[in-house]
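S.K.: Go by the hints and put chain V with the ligands onto chain Z.
Each protein sequence line maps, in turn, to chains Z and V. Its first residue numbered 14, the first sequence is counted upward by one per residue in this note's numbering. Its first residue numbered 8, the second sequence is counted upward by one per residue in this note's numbering.
Where hints are given, some of them may not hold.
[Claimed, not checked] Subject to a maximum C-alpha distance of 20 Å in a straight line, what follows is the list of computed EDC-like cross-link-like pairs (lysine to aspartate or glutamate):
#	chain 1	residue 1	chain 2	residue 2
1	V	K21	Z	D96
2	V	K116	Z	D185
3	V	K24	V	D54
Note that these hints are calculated values from the structure, not bench results. Because the structure is a prediction, the values reported are computed rather than measured.
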Amino acid sequence: MEIIEMDQLNHGRFETWPFSHNHCLSCGLCSSSCPASGMDEFDPRKLVRMVGLGMAEQVVESRWPWICTMCAKCGHVCPMEIDIPGMVRRIRGLRDREKIPGILRKGLEAALKTGNNLSLPKADFIFILEDVAAEIADEQPEFEGLTVPVDKEGATILTTIHNKLVNTHTNDLKHWWKIFHAAQEDWTVPSDNWEGTNWGLFTGDDDAMRTLTGRIVENMEKLKAKTLLWPE
Amino acid sequence: MTATYHDPCNYGRKAEKQFGHGFFDEPRWILDQCMEHWVDLHPTKGDQFCCGGGGGAMTTGYHAERIRYGRQKMAQIRATRAEMLVVPCHSCHGQMNSIKAEYDLAGLKVKYLWELVADCLIL
Ligand code: SF4
Ligand code: SF4
Numbered sequence: 014m015e016i017i018e019m020d021q022l023n024h025g026r027f028e029t030w031p032f033s034h035n036h037c038l039s040c041g042l043c044s045s046s047c048p049a050s051g052m053d054e055f056d057p058r059k060l061v062r063m064v065g066l067g068m069a070e071q072v073v074e075s076r077w078p079w080i081c082t083m084c085a086k087c088g089h090v091c092p093m094e095i096d097i098p099g100m101v102r103r104i105r106g107l108r109d110r111e112k113i114p115g116i117l118r119k120g121l122e123a124a125l126k127t128g129n130n131l132s133l134p135k136a137d138f139i140f141i142l143e144d145v146a147a148e149i150a151d152e153q154p155e156f157e158g159l160t161v162p163v164d165k166e167g168a169t170i171l172t173t174i175h176n177k178l179v180n181t182h183t184n185d186l187k188h189w190w191k192i193f194h195a196a197q198e199d200w201t202v203p204s205d206n207w208e209g210t211n212w213g214l215f216t217g218d219d220d221a222m223r224t225l226t227g228r229i230v231e232n233m234e235k236l237k238a239k240t241l242l243w244p245e
Numbered sequence: 008m009t010a011t012y013h014d015p016c017n018y019g020r021k022a023e024k025q026f027g028h029g030f031f032d033e034p035r036w037i038l039d040q041c042m043e044h045w046v047d048l049h050p051t052k053g054d055q056f057c058c059g060g061g062g063g064a065m066t067t068g069y070h071a072e073r074i075r076y077g078r079q080k081m082a083q084i085r086a087t088r089a090e091m092l093v094v095p096c097h098s099c100h101g102q103m104n105s106i107k108a109e110y111d112l113a114g115l116k117v118k119y120l121w122e123l124v125a126d127c128l129i130l
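With the rest of the complex left out, here is chain Z (with noise of 0.2 Å):
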């Protein structure tokens, strides 16, 4: 086991974070209600104790970071109500970009460069929308009539649309529209920068996320859509 100098370690380095991390009363409820609890031996408590001592190399290095899934049952129990998600976000955005594990850098780049994080061109985009169209008519004719309005200006409903569902999982594209044909429903899907996901999110980038999110309210007045439809 490693060493550690307590006298070595910079206490004040997350002074300024605000998660209230200091608060915290090594009561033991995050870990003991966290669900990665264990792997690798991460457990929140320990993170939380990590960082009140600025052990900024370990934490981020860590895999523990990446494990959290920041669904906040651990907060949800904290007496102190530290909020454990957004330290462990922080902690994320600390990683060097070129360490973000599997393929959420590559995503984020792609999303980043051309509006979507498959870096699918706008034709094929509107290819697979209106193949999928034509196949739901094909198949319950008492939807036969279903178009699939892109780029329709003044609609009651603007949709994003999540990368997978024009990549491997087209059928479940179909659900929404068939609702919106039987509701007579005025909605539109933009042409460019529909993607739903934000990777921003994931990799602790504001700055991207901001961007993405962005691109959606250019669409929104762009397109003089009233609501957004944003499932992801």
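M.R.: Using the frame of chain Z, we list chain V with the ligands on its own:
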């Protein structure tokens, strides 16, 4: 068919904390309109366990951890004996389908809340 419902962390507990309103009752009202009978999970609403698919867990590549994380969720579902699970979240939907067979629940039908509504439409 017996069904049950899972509250996603973001629509429930986290929305309540961050925006002052957790969407607990709205989906339950919809379930009541669509089904004769469904049973709630225990614990429920703000006390729910996360399914293990949140926070980008579907994308980090830590599969073994994600499957293990979901054990409490699967135990909750098993206790209801439900054959169908309704969820209003893409991450929860993906996670439950991805891990159910690991917990001997391969036959569990996982349905989006809006899919349930679409299924109930009579034109
Ligand atoms: S937010 Fe993270 S630490 Fe807290 S209970 Fe959920 S998984 Fe555990
Ligand atoms: S529940 Fe709160 S006070 Fe108790 S150990 Fe966890 S962080 Fe500290």
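S.K.: Given the hint that V:K116 pairs with Z:D185, test it: the Cα-Cα distance must not exceed 20 Å.
M.R.: Holds: V:K116 and Z:D185 sit about 14 Å apart, inside 20 Å.
S.K.: Would you check the hint for V:K24 and V:D54, treating anything up to 20 Å between C-alpha atoms as holding?
M.R.: 13 Å, holds
S.K.: Between V:K21 and Z:D96, does the CA-CA distance stay at or below 20 Å?
M.R.: Holds, at roughly 11 Å.
In terms of the numbered hints stated before, the structure departs from none.
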